[in-house]
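Could you put the whole structure together from the sequences, leaning on the hints where they help?
Residue-level listing of the chains:
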Amino acid sequence: MDIPPLTNGYEIVYKKPQTLTDTPMHYCPGCGHGVAHRVLMEVVEEMGIQDRTIGVAPVGCSVFAYDYMNIDMQEAPHGRASAVASGIKRVLPDRYVFSYQGDGDLAAIGTGETIHVVNRGENILMVFINNGVYGMTGGQMAPTTLLGMKTTTTPYGREVKTAGHPLRITNLVAQLPGACYVTRQAVHTPTTVRKLKKAFRAALEYQQKQQGTCFVEVVSNCPSSWKMTPAEANKWLEENMFPFYPLGDLKLPAQSN
Amino acid sequence: MIRGTVVIAEDICKGCELCIEACPQESLGLSDKINLKGYRYAVLVKDNCTGCVNCALVCPDAAIIVYRQKKPTKTAGPQVEVPI
Amino acid sequence: MEEKAEVRLMKGNEALAEAAFRAGMHAYFGYPITPQSEVIEYLMAEQPSHPECVILQAESELAAINMIYGASGAGARVMITSSGPGISLMQEGISYMSSAQLPCLIANIQRGGPGLGTIQPSQGDYFQAVKGGGHGDYHLIVLAPASVQEMADFVFEGFRLAEKYRNPAMILTDGALGQMMEKVVLPPKGSLPYPEKPWATTGKTKDRERNIITSLFIQPEKMEQINLGLQAKYRQIEKEEVRYETIAVDDAEILLVAFGLTSRICQKTQQLARERGMRVGLLRPITLYPFPVEPIAALAAKVDAVLVVEMNAGQMVEDVRLAVEGKCPVQFKGRMGGMIPSPEEVLQAVETIAEKQHAEL
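Protein chains in written order, with the numbering used here: chain R, 1 to 257; chain F, 258 to 341; chain E, 342 to 702.
Hints are all accurate, no fakes.
Straight line, CA to CA, 25 angstroms or less: simulated PhoX-like cross-link-like pairs of lysine-lysine:
| hint | chain 1 | residue 1 | chain 2 | residue 2 |
| --- | --- | --- | --- | --- |
| 1 | F | LYS294 | R | LYS227 |
| 2 | E | LYS547 | R | LYS15 |
| 3 | E | LYS505 | E | LYS530 |
| 4 | F | LYS294 | R | LYS15 |
| 5 | F | LYS327 | R | LYS15 |
| 6 | F | LYS294 | E | LYS563 |
| 7 | F | LYS303 | R | LYS15 |
| 8 | F | LYS328 | R | LYS15 |
None of these hints come from the bench; they were simulated from the model.
Shown next as structure tokens:
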């Protein structure tokens with residue numbers, strides 16, 4: 001986007017980072033992916049590591065993340081982003097490597113990879129976008145779908161009896177010794193966005209210290225699948241998602257002496 | 258009060274209204290026109306922006322540039338009004 | 342220290358593993374499965390002498406092939422090995438790598454199937470190897486060794502072809518060749534040069550556009566172009582990379598066609614037949630894809646009959662029939678499920694064909 005010339009006496013205090021491309025994002029209006037993409041790329045820009053960062057996109061709505069992030073990227077098979085990221089990091093250990101996955105990708109089809117990548121303590125950042133629904137395929141139940149939540153495959157609301165419990169995989173991951181830093185953040189308000197940025201920054205900095213896997217969950221929305229306006233979706237998020245997926249740090253790195 | 262302003266890329270905006278929700282000054286609203294994608298896009302509706310960047314922080318499409326009036330430098334001499 | 346070629350007595354699986362180090366492999370990701378576990382065991386044991394090489398036991402074949410995807414996309418020379426069921430699990434990743442045009446070397450040390458099957462040698466994965474194996478229109482470059490020496494040599498050749506064509510290559514062998522010991526001459530380390538990989542995701546430097554490794558081309562027009570590009574590549578491979586070997590075909594009346602272990606058996610059969618005065622020759626496809634269509638077609642015009650011998654229910658025989666195009670009868674002799682045919686057993690099939698040919702005359 002062209003930046004208009006500076007108005008007399010004014011300076012730019014916020015603009016899109018150069019680490020995002022000019023391709024308009026395909027996400028639905030109000031979708032949290034766009035903010036998560038931007039904040040992650042802001043950190044890459046501010047740390048000056050664009051030339052040393054390699055990302056892995058998942059299958060799901062963010063499959064095209066590589067169209068928007070102006071860095072080298074690979075697109076992984078469904079559920080395998082963290083395995084692909086492990087492969088990259090093992091052969092290029094001095095690079096910053098991250099995987100970016102949704103709830104279906106990371107916590108259903110890719111659960112095995114998620115657990116073992118963290119258990120091996122791969123020095124990567126795993127970004128986990130949790131909106132409780134399969135967005136790309138049209139709003140089916142995700143492993144993180146809340147009880148009672150209606151999706152196209154739980155049209156009467158998710159029931160424990162048939163569909164089991166929503167999975168707090170971040171809590172599971174935080175138990176593993178290979179995890180360095182595990183946190184749950186959000187993207188729906190200016191305050192949560194600022195906190196998320198700090199979390200991404202910390203996670204990428206820890207990666208260089210080689211202390212293990214950093215895992216950042218972002219509790220996000222899906223206005224289209226939730227059949228709400230973006231503002232309604234963010235309100236619903238606070239009232240329903242946060243009680244089950246409370247924000248905050250689940251594991252902090254061990255203090256090095 | 259610190260003065261600010263925003264420039265919103267109207268072709269990129271999808272009219273999600275999250276910036277409108279986030280603006281503490283209620284400076285933003287939706288346009289009457291629609292853009293190429295068919296959305297009513299966000300526009301400044303009041304001249305009271307402080308350049309707080311809240312709108313840009315929550316914008317999912319990175320469509321907002323925020324400007325803020327430069328703070329007068331402390332080393333500069335007293336501001337003098339120039340008579341017209 | 343400059344390394345030299347070395348002669349050793351080794352198992353096929355060990356020769357393959359040692360050759361991978363010598364061929365400058367950067368990374369191996371694998372998962373244990375019989376009859377190929379010696380590969381990862383050997384690599385793990387020898388890794389301290391090759392600190393530049395990553396050897397990792399993954400949590401599954403699925404994870405392993407995706408680590409291969411990532412490492413290959415990052416520009417590394419990578420290898421993965423498995424057997425039947427494990428190779429089936431990898432098919433998704435192999436399809437993705439074929440589309441994303443990522444070089445890698447895969448070795449399938451075949452065992453009897455289908456299903457969990459048996460751990461005894463088989464050639465039942467021929468179709469899977471040469472026709473694609475996963476979803477979509479693609480091919481692997483498939484090399485079929487028939488000796489421990491070739492288990493080592495084809496590692497070099499597999500890496501070279503995979504990198505030349507940016508395509509997965511497969512060594513299709515079996516449990517017998519993996520387990521048996523023979524003399525092997527190992528090429529020196531560093532003898533296989535590394536090609537430039539300007540497409541690799543190593544970090545977007547200012548002097549170039551970002552590199553993207555993907556198999557997603559959502560616009561049908563684009564997807565068709567990608568497919569046409571792949572097909573053009575396969576035509577080039579078919580033109581330039583066909584490899585095969587013949588024995589005593591010049592005056593042959595009956596042509597044996599066999600690959601890998603069965604070609605070794607047929608070599609004995611061919612000798613036994615000649616001793617009995619039958620004019621029998623042997624053609625051994627070394628590349629199963631690209632398949633030696635023209636050499637088989639040329640010989641089919643000269644011989645009375647072709648006998649295809651495989652350790653399966655008849656898979657390569659279909660490709661032989663396509664190559665022969667009805668020029669002569671094509672018969673099949675096979676054993677399945679881990680059974681290895683004896684040279685005498687194959688000779689009986691040859692004799693039956695010979696009698697029938699004479700009766701018709």
